[in-house]
Amino acid sequence: MDRLGLTLVILDYAAVAVFAASGALAAARRRHDIVTFGFFASITGVGGGTLRDLLIGAPVFWVGKPSYILVCLAAAAAVWAFGPGARREASLLWLDALGMAAYSVVGALKALSLGIPPFSSVLMGVLTATFGGVLRDVVAEEPSVLLRRELYVTPALLGATSFVLLRWIEAPVMVAGLAGFLAAFALRGAAIVFNLSLPPFGGRAPPA
Amino acid sequence: MDRLGLTLVILDYAAVAVFAASGALAAARRRHDIVTFGFFASITGVGGGTLRDLLIGAPVFWVGKPSYILVCLAAAAAVWAFGPGARREASLLWLDALGMAAYSVVGALKALSLGIPPFSSVLMGVLTATFGGVLRDVVAEEPSVLLRRELYVTPALLGATSFVLLRWIEAPVMVAGLAGFLAAFALRGAAIVFNLSLPPFGGRAPPA
Amino acid sequence: MDRLGLTLVILDYAAVAVFAASGALAAARRRHDIVTFGFFASITGVGGGTLRDLLIGAPVFWVGKPSYILVCLAAAAAVWAFGPGARREASLLWLDALGMAAYSVVGALKALSLGIPPFSSVLMGVLTATFGGVLRDVVAEEPSVLLRRELYVTPALLGATSFVLLRWIEAPVMVAGLAGFLAAFALRGAAIVFNLSLPPFGGRAPPA
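Protein chains in written order, with the working numbering: chain A, 73 to 280; chain B, 73 to 280; chain C, 73 to 280.
In isolation and in its complexed conformation, chain A is listed as follows:
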């Protein structure tokens, strides 16, 4: 396997694992059983990449490879065994941030490597990064990450755009990937810590 492929695979598994853990934490919050833990972990873990693969017409990445779902089930089992108690909410938020940052790069990388145009590859990064969390929130019937005030889509957009631009100027894939990941994670982290948000619509001229 070449370096590009290896990067893709490692980031892919890492993103799957942390997103899966965030799905299991959502199941923990509602005190679900172990099977539902596995189900939530799996759809959150592979949901974003599944949408990406369907949209770009690639074989869905986990269907031929049990290892991805096994990673999700292991993450679910870990959350079940070592459930983080009082720190659960914060863990969920930060795991989601890690998964989002990794997937913004992975999604764009896979799209680029299959010959998708750069602009659409950025969008694939954003969708891959956000859709797993959206799916988790929909099935868990929690308020969607998309509707929160702090930046969420924006960090994914920053990460994917940075990565695609750096690849465009022929930066090595490791450099571009790391830069994209860090950019996305740093902005999302700042958004969580400082409650950063973009000005809302109408914020410039509030109704009297």
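Calculated directly from the structure, the hints in this document are not laboratory data. The structure presented is a predicted model; accordingly, all values stated were derived computationally and were not measured. Every residue gets a Cβ at the ideal spot worked out from N, C-alpha and C, and that includes glycine. Mixed in with the good hints there might be a few duds.
So the derived list for chain B, only partly shown, Cβ under 10 Å to chain A, looks like this [to be verified]: (1) Val-135; (2) Ser-216; (3) Trp-240; (4) Phe-257.
List time: in silico DMTMM-like cross-link candidates among lysine to aspartate or glutamate, alpha-carbon distance up to 25 Å [what the hints assert, rightly or not]: (5) A:Lys-137 / A:Glu-213; (6) A:Lys-137 / C:Glu-242; (7) B:Lys-137 / A:Asp-74; (8) C:Lys-137 / B:Glu-242; (9) B:Lys-137 / B:Glu-213; (10) C:Lys-137 / C:Asp-74.
Use these hints to put chains B and C onto chain A, whose structure you have.
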């Protein structure tokens, strides 16, 4: 490009633009930021066509062509700049009606042109016409258009059926397309203005 | 058509019909009109199999064959005509159980027959069995079957796993299919009647 292709493209962009605007208006109602405007506009604008393409096994129309998403972003920017204030709700309703009518024809047209049987082509028209709005309502956490009392699926069904039947008797695609569009829009418009609805289940024998 | 194909087709139509009826019952509960009955019946009836086909890269089963949707519409018409009144809730629950059990086998069978690995075939069975109901609950804005306490995913998992294991040891497809169906239905039925559930997370150490 032949006439069929041109019709498809023009209607496609028009439907994308108005649906995208309706998505941006949903974001405006919740006072979201500009990135979320773009996100909502994009998924509403291309959601129905994306489902259609996945179901009929065609390459997803916007992935290889940035222009579709650029139209969505332009619609989002326009709503942000000229946000319609008090008329927002009504605008959303009527834009949604326009997009629905156009997509009921576009969805059926694309399916027919790829050799999908007429009956399934009607269904593709209906799905294309309704799914963008459903997606918008799900991510915006608003009551789904599907659950409103006034006719919504029915006009899409009328538009797609009219179009497919007219094509079946070999009417020119322009004529069939315009007839289908007008039928769908007129019925949906009447439903909005006169609050038209079909008799509900059990309406014939109300509980005592 | 060989025996495998015939089994697949019969179970497929049966599962489509009962799930479609459960969709129409959900529409009845909200007193929707006949078109919405048909819409709900169709997406519930074919939703699970559609997801399966998209994931395994097969042509979506109902697009080329109007008969599947016609079965859904017939089920919707039957519910409309003979609406079960006071027994509606119970009917919905049991029809859903039948559809779930049939689809857990059908989903796994189709995946296996297309060369999908056994582990992923089990997952396809579970997704096929559960996704139609999830979709029904999302569009009807009802609490998702996934969030109920009694076993729901577990019976689907049992049915699909039994079927795949029996096929693995080369049991005839009829035997494996019937065993899988009965296992899933019996467990789900017991869950409904006796309100069975797995221990919830944290159940072993309830908060003081």
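Hints, one by one, checked against the model:
1. Val-135: holds (5 Å)
2. Ser-216: violated (13 Å)
3. Trp-240: Violated - the Cβ of B:Trp-240 stays beyond 10 Å from chain A, reaching only about 31 Å at its closest.
4. Phe-257: Violated - the Cβ of B:Phe-257 stays beyond 10 Å from chain A, reaching only about 28 Å at its closest.
5. A:Lys-137 / A:Glu-213: Violated - the C-alpha atoms of A:Glu-213 and A:Lys-137 are around 29 Å apart, more than 25 Å.
6. A:Lys-137 / C:Glu-242: Satisfied, since the Cα-Cα distance of roughly 23 Å is no more than 25 Å.
7. B:Lys-137 / A:Asp-74: The hint is violated at about 30 Å.
8. C:Lys-137 / B:Glu-242: Given pair C:Lys-137, B:Glu-242 holds - Cα atoms ~23 Å apart, limit 25 Å.
9. B:Lys-137 / B:Glu-213: Violated, because 29 Å separates the two Cα atoms, which is more than 25 Å.
10. C:Lys-137 / C:Asp-74: holds (19 Å)
When each numbered hint is compared with the structure, violations occur for hints 2, 3, 4, 5, 7 and 9.
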